[in-house]
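**Student:** Here is what each chain is made of, one letter per residue.
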Amino acid sequence: MVNKGFFAAGATILLFLVFIAVFADILAPYDPSAISGSPFEPPTDEHMLGTNDIGQDIFSELLVGTRYSLAVGLITTAISASLAVLIGMAAGWAGGLVDSVLMKVSSFVLAIPYIPLILVISALTRGSIWSLAIVMGLTAWPEMARIIRTQTMTLKHSEYITSIAAMGAGSTYILKKHIARELLPFIAYSITARFRTAVLAESTLSFLGFAPGIVKSWGTMLYYAQASNAFLTGAWVWWAIPPGIMITLLTLGLSFVSYSIEGKMDPRLEGRK
Amino acid sequence: MKPLKLSKRLCTLLAVALIAGLFASCASPGAAPSPASPAQPPAPAAPDQNQTPDRLDTLTVAITYDENTITPVTYVRGTPGLDVMRFIYDSLFTISPDNVAVPWMVEDDYAVGADMQTFAVTLRDGLYWHDGTPVTADDVAFTFDYFKNVFTAYTRWTNIARQVESIDVNGRELVFNLENPNPGFIRVVLADMPIVSKAQYEGVEDPTELPSLGSGAYRLAEYRVGEFYTLEAMDDYFRGTPSVKIIRMPIMDVSAAQQAMLAGQLAGYTGGVSVELIDIFSGSPDIELVSSDGYASTLLLMSNVRPPFDDADFRRAISLALDLDQLVDIITLGNATKGTAGYVRDGLDEHVTGLDYTYDQNAANTLLDSLGYANKDADGMRLGLDGSPMELEILTSGTRARDAELISMQLESVGLRIRVTTLDPDALDMRVWPDFDTSQPHDYQMAMFGWSAPVVQRNGAIIGVCSSDYAGVGGLNLSHYDSKEFDAAAEAFLASVDPAERAMLNEQMQRTAAGDFPFVTLYFADNINAVNTQQYSGWVFPKGGLAVNVFSFLP
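Line by line, the protein sequences are chains B and D.
Residue 762 is where the first sequence starts when you use my numbering, and the numbers rise one by one after that.
Residue 2 is where the second sequence starts when you use my numbering, and the numbers rise one by one after that.
Rather than coming from a laboratory, the hints here were simulated on the basis of the structure.
All clues stand as given, with none of them false.
Beyond 12 Å from chain D on every Cβ pair, some chain B residues (computed):
{"no.": "1", "residue": "T773"}
{"no.": "2", "residue": "I781"}
{"no.": "3", "residue": "D806"}
{"no.": "4", "residue": "F820"}
{"no.": "5", "residue": "L858"}
{"no.": "6", "residue": "V859"}
{"no.": "7", "residue": "V862"}
{"no.": "8", "residue": "F869"}
{"no.": "9", "residue": "S924"}
{"no.": "10", "residue": "A930"}
Okay, derived cross-link-like pairs now, DMTMM-like style, lysine to aspartate or glutamate, Cα gap no bigger than 25 Å in a straight line:
{"no.": "11", "chain 1": "D", "residue 1": "K377", "chain 2": "B", "residue 2": "D786"}
{"no.": "12", "chain 1": "D", "residue 1": "K246", "chain 2": "D", "residue 2": "E223"}
{"no.": "13", "chain 1": "D", "residue 1": "K544", "chain 2": "D", "residue 2": "D294"}
{"no.": "14", "chain 1": "D", "residue 1": "K149", "chain 2": "D", "residue 2": "E203"}
{"no.": "15", "chain 1": "D", "residue 1": "K339", "chain 2": "D", "residue 2": "D324"}
{"no.": "16", "chain 1": "D", "residue 1": "K377", "chain 2": "B", "residue 2": "D792"}
C-beta atoms are modelled at their ideal positions from N, C-alpha and C, and glycine is treated no differently.
Isolated chain D, as found in the complex:
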């Protein structure tokens, strides 16, 4: 063994010190932040002075996750995957920036049967797939049939398609016949289902390998895994020529995207502004900051089929021990709205008042004692029903670990020993929502989770997260909450066309769920958007959504 020479050894030590020094000096207050540079295209979109404000050649907008090929069967997340998919794929109706379902691919004069079981629409003229072939009513009928009967692995579209019993096609006219009345059909079904090409999908059992082919305002021109997307405008789009020809979308996380925004290298990104950066963003003359009510939820899931969470009283004790005000004040610095036991956010039409969670640690202690968890170990932590040490686990990932950390402290203050396990997001999904199939058994006790705004904003959204029809309308019921009372109300709600009766049933569902505590809705973080108005001025801020949406690029 030959030892290193002294000079070399000293050099090594000096190098360590130098690295430390470099680390120390890698940023300085007020210095231009240097973003993590994405791999390929992102020649940053410094605005071209020759471009007119109305029609830009290129704009760089970061996407905060890799969302595969962003087809209806490959995107991963509601935000940003589904949001960006709307650039590429159209639906018959769409949710406007005012959060209203409006005709999109169909003529404005649609007809709804009095029984709420027939919906007649007429497909617009001048709709084309990105390969230049026309979109037909057959494509629409095929789409529903395909997700209902052929490709049922992606439950979101399958659950939607199953609501349609049959479709009559006559030229450009389509009549949707439903098995049950559904007043929310236009919003929940027609404004959600992306229409796919019959020519591309017919005969394909697994469409996940198919390339992107939509009829939307933009086509996916290029995608490199983990690196970037390039969207190219369809100049002959039926809603008008998009105002930016090429949208470059480097894939970078929110933190890197924020740094790039502040450095003027991005016009926007598919995420919100971190609360600690609000002041810094506000001080930037090129950046406009818009804050609005947020609808994306942050939840503490509890497995309703695993002890001790299979006891509704135990879940109630958990909710009593949680101080949601503290979570909102610390995690979001006050930029959020507390959740309620009725799940539906304050500000939505279906919100029921009077279902707020109660924070009362004394009551939580009393309840836990009465449930048989009165015995404690030397550390003051409660023992299980059999007298053995009890440790409960919260799964989390990313920065939600901070929510989990606060929750663990709050629960430990009522004598519940908590272990927080941080996992990779994909690993968390596999434990909580294996294969995105709710009917499969899950593997968790408690988990930090959340639903994106479009999921929360739907009418009857509580049915998705509380119905025991896991393979059907309860496809988001990750807690496996199972209540006959709730299911009966949900079934009646889905079958009812009477607004007053639906309102009554909605309240009944929420009150039932609020009494059983299937999960704890912690808060809805405000929607804080930042866009560079010097680079682009056409931004549209949808209610509860991101500025990076297709309406921002349409005339």
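Isolated chain B (complex conformation):
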């Protein structure tokens, strides 16, 4: 089955990356912040991917950077998905004034240009991984919330929900036990999509030099490779390509998983080969 294949591939990639993130300290041959060689060393037996502009081991940076990218993705997704589910279900179920107000708020947030907003906030605040992820989370929920709202409204008027309601079930019970369960595949799909967007946004910001502090992330690796003219010196091969591959891997893994979830949601895709 195509979906199972995608899920297996995606899950394998993600598990692999999670494994790296969890055991980065053990797997990394050096402390990625330590000066373990001379600046701009090409790959050697001692430094598999050479050293960066201040003599830090690039391979160790790459492994530890996994942790940062996954953390930003997780925090951002947790915040944005939670907000989207709460707001979307509340708006869709309550309707009327509540729906109107919440959708106006979502329209307002949607109208804010995402990357420029993050750039400004990152530039002006004493940034940290938390502030970056929180800002990204707070601005990334409206799209998902709107779809959940629509789905909730549809489900609310379906025959079996009206029957349950007629039997005296309360709103909280119906939302938790029935609506939320119905929405679960979509929520799971959206979470993977949010996660992917967050990882790419973090890499973009870091590449542009807006990473908070001196974190080790794939984006900052690319930033320093570019700032140190790796594309002119030839160091791009061991300095820029590896983080690029890692970002691509994570994105692919998430895409595979989200595709397989999407297939589960639609039987027409489930059986396609």
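Following the hints, put chain D in place on chain B, whose structure we already have.
**Tutor:** What follows is chain D alone, placed relative to chain B:
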């Protein structure tokens, strides 16, 4: 919700892979680098074979920052803003490529009073503003009065103008009368103050909106924000017809400019060569690489008014913990000179020997222990005086984050937990030097900062960065260092005309500052210039400056 079709989904995934592939292949060793293309004019200046080497029609030279309209009140940075402003605005004297103050708008036979309080000069004939009207002595007198009494927001010119008590004007003759003797008046004042047009500035309270109008070798013909400048030569310039008629200046960062240089699309740019590219530039047959002593400083600022940096001993401990050799070796690959606690760079006349920083982490640890920071947390990081966790912050921006990263490691090795905060350069300026007004309170503990070469090369430069007269001569004292002993020496220095006494006072100032560690002067990066000699051969390499300077385009 309608799911995407399989084929479309697969296409999306393939596109991701393709993008990755493209990313991987976006450069290859030895391939001609493709520069970030600036927005408008930069039709790259491939040399016109019909042009004579002595008089080119156009030359493309990148400017590495947007410097507004590059008037005396709108340029932003010393390098490249002030450097390029010298193309457009003249001063009575100028700093020659040999780093000597020489007459420029004035006749060579000027007179200096024995008391060093009167300076008589005669304005040259044949000076014109770019609108064709003549430059007069009244313009000169007006300029000083304007920055002294009318527009005082731009402290650099105001501090200079305040040194003049009055100016007597008689035809083309000007006599500057000073309140206090000042042997450095010609260099610090007359060679620095750009002369502006009385007709343009008179009655204007905020001149920042005025268009550029100077009397220099070039006029600003066009400026597009964030895109480019176009400078046009003044053919009747009193120092001779400039050797390039049009200088196109696309705005691009140093990295893009270096790529464009290697691709032959630029003749030069207003920045140095990145140390990792020295070998590549050296291998290019069209490019000449000239390395000389650099005077631009890289500093670790410490707020002398914020705990724990308000304690000179704590600042001393910081300096003891810093390995400047490592910074020079790693950040500049050895292409720099270490700073000294006396601030004035080795190689300048006022340099005082024996004020080198000491690197001794054991001494730093002992000192920190004795100051009450002996208790540590589970990670071995020192606690504050009240026993709470202590985290110190270094503000930085751009590639100076690497300096901050190394410094944070060095300080953490003596148990000081450091947080490095990277900011946009403008945001950093607002925290460290709000509104470029030193008298305002700042908002930082430590910060990476630096001064450009002209600021460092001045006589008495240490006064600017250490005097507590923040609104006056101490206008660059971003640490808010406040020492009565230093201020007294500085005041005596400024009032003295005796070279021996000034030398003694200079040494006294440096020794005082060296004992108090108001900041740490980390290093002075070498000045490595790259120019394309195939496109243009008239380059002049000034001492401590850039090849892109007005002397490169004058006969």
